[in-house]
Structure formats: structure tokens, C-alpha cells
Amino acid sequence: MTAARVAPRKRKSKLKAVAQNWQMYLMAAPAAMLLFLFSYLPMAGLVVAFKRYSFDTGIFGSPWADPWYKNFEILFKNNPAAFTAMRNTLFLNAMFILAGTVFALALALSFNELRSPLYKRITQSLSFLPFFISTVVVGVFVSGMLAYETGSLNGMLQSLGLRRVNFYMKAEYWPLIMLIVNIWKGAGYNSIVYLAAISGIDTAFYEAAEIDGASRMQQIWRITLPLLRPTVIILTIMAVGRIMNSDFGLFFNVTRDIPTLYPTVDVIDTYIYRALRKLGDIGISSATGFFQSVVSLILVLSSNKLANGVEEGSALF
Amino acid sequence: MASPQKLTPGRALTMLFTGAFALACLYPFIMVISGSLTTRQAAATYGFTLVPREFSTEAYKILFSNSWAIINGYKVTLAVTFIGTAASILTNSMMAFALSQPSLPGKKALNIYVLITMLFNGGMVPWYIVCTRYLHLKDSLFALIIPMLAGAWNIFLIRNYFRSIPYDLYESAKIDGAGDFYAFIRIYVPLAKPVLATVLLFTALGYWNDWWLGLMLIEKQELQPLQMLLRAIISNIQFLQTMDSSPQMQLMMANIPGDGVRMALVVITTGPIIALYPFVQRYFVKGIMIGSVKG
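Those protein sequences? They're chains V and H, same order as listed.
Our numbering puts the first residue of the first sequence at 1, with every later residue one more than the last.
Our numbering puts the first residue of the second sequence at 1, with every later residue one more than the last.
Quick caveat, the hints were computed from the structure, so don't treat them as lab data.
Check before you lean on any hint, since a few could be wrong.
What the hints assert, rightly or not - Beta-carbon label-pair distances, calculated as ranges:
| id | chain 1 | residue 1 | chain 2 | residue 2 | range |
| --- | --- | --- | --- | --- | --- |
| 1 | V | M33 | H | A197 | 25 to 35 angstroms |
| 2 | V | R163 | H | I71 | 21 to 31 angstroms |
| 3 | H | L115 | V | S13 | 26 to 36 angstroms |
| 4 | H | F64 | V | I201 | 35 to 45 angstroms |
Ideal placement from N, C-alpha and C gives every residue a C-beta, glycine not left out.
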């Protein structure tokens with residue numbers, strides 16, 4: 001009896017609370033609307049991978065593909081280009097994560113050891129300068145270094161009496177070039193993340209080690225690195241969660257989308273872009289995108305779970 | 001035991017390593033400035049060097065003989081950066097304000113609604129179809145602004161900061177009869193200046209450097225942002241074709257290196273960022289640190 005009488009009142013008070021907060025909802029509305037349009041609609045639009053898309057009827061009006069997996073069949077059967085893009089993506093990202101982590105960590109540890117504040121400030125400021133420029137500009141930088149006729153690297157090779165290399169025609173050099181560019185652009189930024197973690201370490205550890213006569217190297221090895229381990233592991237796990245995705249701009253602009261280089265540095269994102277915009281093939285580009293999105297979701301969710309296992313509350317959610 | 005001031009081999013090594021990396025980061029910038037100021041002859045002989053072997057300002061002359069494209073690109077990029085940044089900050093911080101309320105009905109659902117966009121996305125193809133076919137965003141200034149306005153990352157960054165502001169302030173404002181929006185503008189925004197400055201800089205940088213929206217959604221030349229202009233010029237010859245090419249101009253063009261015009265354009269488009277860099281970089285460092293430490 002009493003419960004039945006309480007319930008409507010409770011609902012009423014809840015409604016009242018909602019009404020009282022109308023300004024809050026109004027303020028949340030623009031962002032909610034934009035996220036709906038540019039995040040949720042495209043999510044729903046993933047069904048296009050199972051459709052025979054035509055522009056006139058749109059995503060939801062177009063007929064289903066027959067059979068429903070038709071686009072995926074084209075994608076996975078006898079499609080060496082798509083296979084190459086997937087293999088390249090996984091290989092390059094694995095390399096970026098591994099080498100990038102080691103390099104950023106070494107940089108952070110080195111910054112931390114610098115004793116002159118001025119030297120530290122200057123080197124650190126310069127190290128994240130590359131983070132501020134667009135990938136289009138990075139493309140010009142790389143071309144300035146590697147161009148056959150005018151590249152500074154080729155100029156150097158020649159002055160050393162060596163032969164010039166036509167880098168933009170040789171796919172085998174590009175995994176290394178992309179690795180260097182990737183480290184160059186991101187290491188300064190990533191080192192700050194590690195420096196933040198280092199600055200969080202209790203100085204008492206070092207004082208105690210100092211008293212025990214430990215050298216600086218021993219302190220790094222026995223205190224700093226072990227205490228950084230959770231941070232490193234978590235960042236790595238989260239990066240593995242994004243292993244299907246690449247920095248489209250970096251690949252697109254630095255390789256200049258030159259077909260000769262596709263065998264080693266064409267990645268899923270550039271492959272999708274080409275299928276969509278150059279070939280206008282919605283079927284295959286959407287099937288690739290669907291595959292990428294779904295695998296990414298699984299990876300992100302499981303890596304998040306893993307990261308939470310390493311340290312509670314350390315992951316994205 | 002090594003005293004803190006003594007230069008040990010290990011310490012020398014760290015100085016060498018950080019110094020070398022810093023120089024490697026600086027080098028391309030100097031190379032591009034020098035490359036924009038040299039002749040084809042010198043570049044072909046020595047490659048681009050740190051100091052031009054032969055000095056020439058012809059790349060800039062050619063660039064400014066077609067100044068319409070650059071001035072127009074600047075206008076587009078400036079408009080997009082200013083409007084986009086202001087609108088983005090307002091949109092995201094208002095959402096963050098609602099999410100920071102401890103007892104807003106439906107807050108949890110709203111939180112998840114925002115979080116999901118961070119974990120999952122439809123990818124390029126559906127996004128492109130939605131933008132072009134359903135929202136008709138092709139070839140308008142809005143196309144360069146709206147898709148990037150709302151972002152989960154910035155929303156959460158601001159929300160975490162808002163949460164650290166004492167709730168009493170909000171309650172006493174309410175008792176004084178202030179509305180939520182008033183409390184937001186008058187209390188929360190001024191108190192959250194540090195995080196808003198950081199988000200503002202990241203957002204402005206994102207708009208200034210953006211070429212992706214231009215690539216996907218803009219075909220009209222007069223709406224192309226600076227970065228797309230830079231992308232469009234693959235070669236000097238191509239650039240020449242976009243303007244009336246007098247014999248005199250062609251002669252000048254033959255004198256500058258293959259990447260000369262592009263490099264001059266890099267100086268012009270990236271110069272403002274580098275000029276502002278010393279003043280804003282501490283906000284970036286702060287931002288990366290806030291972002292990396294989860295609230």
C-alpha cells in the first residue's frame with residue numbers, strides 16, 4: 001500500500017529535478033547533438049558495409065547486398081592490396097610502439113638527468129616543436145631531405161662520394177623512414193608523459209639510495225624504471241588497442257601517396273581513402289572500414305580491461 | 001659518490017643525447033627557411049643546406065605574384081581557427097559543466113554517451129557519406145568547422161577540472177538566485193582558466209593545421225585552407241599553372257629549386273605558430289601532463 005503511494009511521488013520529484021535542471025540540459029544539448037551527427041550517425045552508417053550502396057537511395061534506403069557478406073567476400077578473396085595494407089599496418093604500428101616507447105623513455109630519463117635548467121629548457125622546448133606542425137609540413141620536410149635532385153641527404157651522400165638514392169622510388173627504405181619520422185614527431189610529446197610520471201616518484205627513494213651509496217645509474221635502474229613500469233605497460237597496452245589505426249595524415253602526406261611505395265607503407269586508412277575517393281568503391285571501402293572499426297573496438301575494450309588489471313583505474317574507463 | 005655538479009660520463013651522454021635530438025628537431029625548420037631562399041643551381045649541387053649557398057628571394061616573389069591564393073587561404077584559415085576555437089570551447093565546456101554536476105538526473109547516461117564516441121567510431125566511409133549526402137556539408141565554410149567542434153577528450157579534460165571546483169560556490173550562487181548558465185559563465189569559466197587555456201591552444205592548433213576536412217569536403221578553390229593550398233602544390237610547375245604565366249615568370253621559376261615555392265609557403269603558413277610557440281608552450285606541457293594523469 002505505502003509503496004504504491006510512494007512511487008508516483010518519487011517519480012514526480014524526479015521529474016521536478018529534471019525540470020529544475022533544464023538549463024543544464026540545454027547547455028549539454030549542442031555537444032550532444034554534434035556527437036550524434038558526427039559520431040553516432042556514422043556508427044549507424046556502418047551498415048553500409050552490408051549494402052549495395054547507391055547515392056540516390058542513401059545508406060538506409062539502399063538494398064542489402066546479396067549475399068549479405070558480398071562486400072567482405074570481395075575484400076578478403078584475392079585482394080592482395082588489402083592484405084598488404086593490413087599487414088603493413090600491424091607491422092609498422094608494432095615497430096612504432098616498440099621503438100617509440102624505448103626512445104621516448106630514454107629521452108625522458110635523459111631530460112631528468114640534465115642539471116643545467118637552461119640547457120634542459122632549450123632542449124626540451126625544441127624536442128616538442130615537431131608536435132606543432134601539420135603532417136603536410138612534415139611531408140615538405142621529408143621531401144627536402146630525400147628528394148633526388150635537391151634533398152639534403154642526397155647532397156650529403158654525393159659530397160661523401162656516394163651515389164644518390166631515389167628514395168621515392170624505393171619502397172624498401174620506407175618502413176625505416178616512417179619509423180624515424182614517427183619518432184621525430186612524437187618522442188618529445190611522449191617524453192613529457194613519462195617525465196610527469198617520473199616527477200610523481202617519491203624523492204625519499206632516491207635519498208635512501210644515495211645514503212646507501214647507489215650511483216645515479218643504479219638509481220635509474222633500480223628505482224626509476226621499476227616505478228615507471230606500470231605507466232609504460234599501460235601506455236603500451238592502450239597503443240596496442242589502436243594498432244589497426246594509423247596516423248592517416250602522416251602516411252598520406254609523407255609518402256605523397258606514391259603507388260611505388262604501397263608495398264611497404266600503404267596502411268588500412270590510406271587504402272580505405274583510396275577505395276573511397278579515388279575509386280569511388282563504397283562496397284570495398286566500407287567493408288574494410290567495418291572490419292577495422294569492429295576489430296578496433298574489441299582491441300580497445302580488451303586492452304582497457306588489461307590496463308585496469310595492471311593498475312586499477314588507470315585505463316580509459 | 002658523484003656530486004650533483006660534476007660532469008660524469010653518464011651525464012655527458014644524456015646531454016649529448018638530448019642535444020642531438022633537439023638539433024634533429026630543429027634542423028628541418030632551418031633547412032626549409034634556407035631552402036626557400038636559395039637557387040636551383042645551389043640546391044641541385046649541394047642539396048638543401050642550413051645556410052643558402054646562393055641567396056635568392058625569387059620563390060617568395062613568385063608566391064606573392066599569386067598573392068590572391070595565399071591571402072584567401074589565410075582568410076579561410078583565420079576564420080576557421082577563430083570561429084571554430086571559440087565555438088568548440090563553448091560547446092565542450094558547457095557539456096563538461098553538465099557532466100561535472102554531482103546530482104544531475106541522467107548524468108551517468110550522458111557520461112556514457114560521450115565516452116562511447118571515444119571508444120568506437122564508424123570510420124571514414126560512413127562519416128563521409130553522412131557529411132556529404134545527409135548533412136550537405138560539401139563546399140561551405142561550416143564544413144571546415146562543425147565536424148571538429150565537439151570532442152570527448154576535451155569534454156572530459158574540462159569536466160575533471162570543473163569537478164575540482166568547490167560545489168559550495170555553485171550552491172551559494174543558486175541561493176542568490178543565479179541560473180545555471182549564469183553560474184557557469186561567472187563562476188566556473190573564470191576559475192577554470194588554466195585548463196581552458198590549454199584546451200583552447202590545442203583546439204586552435206588543430207584548426208590551424210587541419211587539411212583533412214579541406215581534403216574530404218572542399219572542392220572550391222576559394223574555400224581551401226592554407227594547409228590544403230600547401231598540399232595542392234606538389235610541384236612549382238603545377239603552381240605556375242594556377243596563375244597567368246608570363247615568360248618572365250617562367251624564367252624565374254626555372255631558377256628556383258623544385259621544392260622552393262612549397263618551402264616558402266611552409267615558412268608563411270607555419271611562421272605564425274613558431275612565432276607564438278615560446279609564449280604558449282608551457283600551456284601545452286601543462287595540458288599533456290593533465291591529460292596523461294587521469295582524474
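Going through the hints against the structure:
The beta-carbon spacing between M33(V) and A197(H), approximately 26 angstroms, falls within the hinted interval of 25 to 35 angstroms. Separated by about 44 angstroms at the C-beta atoms, R163(V) and I71(H) break the suggested range of 21 to 31 angstroms. The supplied range of 26 to 36 angstroms is met by L115(H) and S13(V), whose beta-carbon atoms lie about 28 angstroms from each other. Taken as a hint, the range 35 to 45 angstroms is violated for the pair F64(H) and I201(V), whose Cβ atoms sit roughly 54 angstroms apart.
Hint compliance for this structure: hints 2, 4 are not met, and every other hint is.
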